[in-house]
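Asks: Please work from the sequences and hints to get the whole structure.
There are 2 protein chains.
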Amino acid sequence: MNLPNRNAQVRLRRQRDGLPDAGDFQMGDGPVPEPGDGEFLVRTIYLSLDPYIRKAIRGDHPGHAVLSAGDVIYGRAVARVVKSRHAGVKQGDYMVAETGWQSYAVLTPKKIVQRIDPAMGPLSTAIGVLGMPGLTAWGSIAHLAPPTVGDTYVVSAAAGPVGGTVGQLAKIAGARVVGIAGGKEKCDVALRTYGFDACIDYKKDGWEQALQLACPNGIDIYHDNVGAPLLMKLVAYFNLYAKVVMCGRPGDYHSGEFGGLSPGPFIGKRAQLRGLVVYDYEKDLPRYLRVASTLLREGRLRFKEDHADGIEDTPGHFLKLMRGENVGKAIVAVGPEKG
Amino acid sequence: MNLPNRNAQVRLRRQRDGLPDAGDFQMGDGPVPEPGDGEFLVRTIYLSLDPYIRKAIRGDHPGHAVLSAGDVIYGRAVARVVKSRHAGVKQGDYMVAETGWQSYAVLTPKKIVQRIDPAMGPLSTAIGVLGMPGLTAWGSIAHLAPPTVGDTYVVSAAAGPVGGTVGQLAKIAGARVVGIAGGKEKCDVALRTYGFDACIDYKKDGWEQALQLACPNGIDIYHDNVGAPLLMKLVAYFNLYAKVVMCGRPGDYHSGEFGGLSPGPFIGKRAQLRGLVVYDYEKDLPRYLRVASTLLREGRLRFKEDHADGIEDTPGHFLKLMRGENVGKAIVAVGPEKG
Chain A
1 MNLPNRNAQV
11 RLRRQRDGLP
21 DAGDFQMGDG
31 PVPEPGDGEF
41 LVRTIYLSLD
51 PYIRKAIRGD
61 HPGHAVLSAG
71 DVIYGRAVAR
81 VVKSRHAGVK
91 QGDYMVAETG
101 WQSYAVLTPK
111 KIVQRIDPAM
121 GPLSTAIGVL
131 GMPGLTAWGS
141 IAHLAPPTVG
151 DTYVVSAAAG
161 PVGGTVGQLA
171 KIAGARVVGI
181 AGGKEKCDVA
191 LRTYGFDACI
201 DYKKDGWEQA
211 LQLACPNGID
221 IYHDNVGAPL
231 LMKLVAYFNL
241 YAKVVMCGRP
251 GDYHSGEFGG
261 LSPGPFIGKR
271 AQLRGLVVYD
281 YEKDLPRYLR
291 VASTLLREGR
301 LRFKEDHADG
311 IEDTPGHFLK
321 LMRGENVGKA
331 IVAVGPEKG
Chain B
1 MNLPNRNAQV
11 RLRRQRDGLP
21 DAGDFQMGDG
31 PVPEPGDGEF
41 LVRTIYLSLD
51 PYIRKAIRGD
61 HPGHAVLSAG
71 DVIYGRAVAR
81 VVKSRHAGVK
91 QGDYMVAETG
101 WQSYAVLTPK
111 KIVQRIDPAM
121 GPLSTAIGVL
131 GMPGLTAWGS
141 IAHLAPPTVG
151 DTYVVSAAAG
161 PVGGTVGQLA
171 KIAGARVVGI
181 AGGKEKCDVA
191 LRTYGFDACI
201 DYKKDGWEQA
211 LQLACPNGID
221 IYHDNVGAPL
231 LMKLVAYFNL
241 YAKVVMCGRP
251 GDYHSGEFGG
261 LSPGPFIGKR
271 AQLRGLVVYD
281 YEKDLPRYLR
291 VASTLLREGR
301 LRFKEDHADG
311 IEDTPGHFLK
321 LMRGENVGKA
331 IVAVGPEKG
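These protein sequence lines map, in sequence, to chains A and B.
If you read the first sequence in our numbering, its first letter stands for residue 1, the second for the next number, and so on.
If you read the second sequence in our numbering, its first letter stands for residue 1, the second for the next number, and so on.
Incorrect hints may appear among the rest.
One side of the interface only, derived from the structure: several residues of chain B facing chain A at Cβ under 10 Å [claimed, not checked]:
{"no.": "1", "residue": "R58"}
{"no.": "2", "residue": "G59"}
{"no.": "3", "residue": "P62"}
{"no.": "4", "residue": "A65"}
{"no.": "5", "residue": "V66"}
{"no.": "6", "residue": "L67"}
{"no.": "7", "residue": "D224"}
{"no.": "8", "residue": "N239"}
{"no.": "9", "residue": "Y241"}
{"no.": "10", "residue": "L261"}
{"no.": "11", "residue": "G264"}
{"no.": "12", "residue": "I267"}
{"no.": "13", "residue": "K269"}
{"no.": "14", "residue": "L273"}
{"no.": "15", "residue": "G275"}
Hints in this document: simulated from the structure, not taken from any laboratory.
The structure presented is a predicted model; accordingly, all values stated were derived computationally and were not measured.
Cβ coordinates follow ideal geometry from the N, Cα and C atoms, glycine included.
Replies: Shown next as structure tokens:
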């Protein structure tokens, strides 16, 4: 297969407040760049679309400076090394790296997020169940609030890669797992693909009653992916000593629209709340990958991806994610896996 | 010593919103009541004044129905059995019991909060350091967030019986202890009576800078006795993985004036927050009393009481507590210890 000889890029056209729209992005291209000494050239295979990107563009996310018009949009991708002038990186290596939204990128090793052993599982899972979203789930399940037999485990954003993995691992650990998601399609993924015991569509009237019915023994652990207002509603159904893993995006938690927590009900329930930041578990990634790749091969751990094809579809696919209409991990297939 | 032959009582005169005032209470008296079968008569020695009483009067506290005009005010006291018609209770027994604000009460055993062994320490400490406030501190120190050598331990409401005991136990465990309190007099108690390493007067300008200077290595554990707004300020000085024991009064936490917590900064600090309810540790009271009474005898654990004398001073002393002007445990000495 021939690789393109130009570097297609998605660039910022304008900075705006509020939800981004198609006019905020523009396509561009340039020559395929050449790596200098200590650098290497990668080509993008699967671009990961994530909610944090919106914040990063505006400089509101740790480690990301605000972008100017004409800059390539931030992003991580499964990538393959085309040419290397760094001793620790070999042509043909697969990795997750900070490529940005483009088909080629010249990088240094500090832009590597994770090296990929293709034997572990499908390449695309390195930005999903076998990547940071999976490790986030592992931090919650293995470290912060391990579920066990008979627990009632509730997880929000249940169709997503973190929520889906958290819930499946909780089921494997013997818990009754109840997802919360927006819309029938996402609930179907939680039920049919992930095998949750129940999934509550919070966009439907009477969802709180449905949740209560789905949790006849109360909630023991809640993995929170969405923020304070839902957490304030769920505390009413907590058992005493319930555990909460706060895994929402801190940037969103800060904004006024997401409201705040009143400690009272959490004291009443003797609840335990802990904040999760995935970077704390990077040293545990090899162990997680051994566990998860085995479960994946056995068909006991499943994933759902929402693919767009071609880098030119990236803005549209990102806007779909921003509207919450993606079902599963949002990915853009940019280039071939092999070659 | 002769005991009074009438039962002096403080009764509710009117229910109002907002801070209570002297016009809300009225003195009354009645005959000394006679215990029926299965009941016993106690006389009040030390009446405990506590912030929860304000809520209880209005029926806003668990287990307390709203009071009507003419009802005796709720309250706990160190009391002694005068006459018993219950096989498990003997004349001369000391106990902490739900007597209400009156000099005599006829009770059943379910009104007993705690039996008192007078050999453990001064009788009045059974409603302070050797009672529920002390056990609250023990729940925090021994169960929810044990401090250790080198920790920086911060506690609010530092002059009070819970805050003072928490801080002294943390010091005994090797921590650097920094109190937060309102006013110089309370800070002096924390420093001189309790021996804290520092105490910050939050009513003084620049108190946050003073706190930062007093915690050069950051905060490892924060025992919170006051609520969300202070907690939201302190999180900036937390170390990673800092622990918070939420021990404020849930009733107050509910009210809008106390604001809410934004989860974002707590996630960023990977903080662990746990709610404390003292009733969970009742089974551990004997162990705590052994530990605390020994420390008390050795002079390593100290307490501060703010006494009023005579039941007729109860409303005034309660209003002082409501204004936050008490320094130490608020107590009304109603009757003699002996006899």
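Asks: Was the hint right that B:V66 lines chain A, CB cutoff 10 Å?
Replies: Since chain A brings no Cβ nearer than about 19 Å to B:V66, farther than 10 Å, the hint is violated.
Asks: Is the shortest C-beta separation between B:G275 and chain A less than 10 Å?
Replies: Holds, because the Cβ-Cβ distance from B:G275 to chain A comes to roughly 3 Å (cut-off 10 Å).
Asks: Holds or violated: is there a CB of chain A closer than 10 Å to the CB of B:N239?
Replies: B:N239 check fails; min Cβ-Cβ to chain A is 13 Å, beyond 10 Å.
Asks: Report holds or violated for the interface hint on B:I267, using the least CB-CB distance to chain A and a cut-off of 10 Å.
Replies: 3 Å, holds
Asks: Return the status of the interface hint for B:L261: holds when the least beta-carbon distance to chain A is below 10 Å, violated otherwise.
Replies: 4 Å, holds
Asks: Hold the hint about B:A65 up to the distance rule: shortest CB distance to chain A must be less than 10 Å.
Replies: 19 Å, violated
Asks: Using Cβ atoms only, decide whether B:L67 comes closer than 10 Å to chain A, and label the hint accordingly.
Replies: Hint on B:L67: violated, closest Cβ of chain A at ~22 Å, above 10 Å.
Asks: Can we keep the B:D224 interface hint, with Cβ of chain A closer than 10 Å?
Replies: 8 Å, holds
Asks: Under 10 Å, Cβ to Cβ, is where B:G264 needs to be relative to chain A, so tell me if that hint holds or is violated.
Replies: OK, holds: B:G264 within 10 Å of chain A, min 4 Å.
Asks: For the restraint on B:R58, tell me whether the closest CB of chain A is nearer than 10 Å.
Replies: Check failed: Cβ of B:R58 comes no nearer than 16 Å to chain A, outside 10 Å.
Asks: Verify the interface restraint on B:Y241: the C-beta must sit less than 10 Å from at least one C-beta of chain A.
Replies: The hint holds - B:Y241 has a Cβ within 10 Å of chain A, the shortest such distance being about 9 Å.
Asks: With chain A as the partner, please determine if B:G59 meets the hint condition of a C-beta pair closer than 10 Å.
Replies: Result: violated, 17 Å to nearest chain A Cβ.
When each numbered hint is compared with the structure, violations occur for hints 1, 2, 4, 5, 6, 8.
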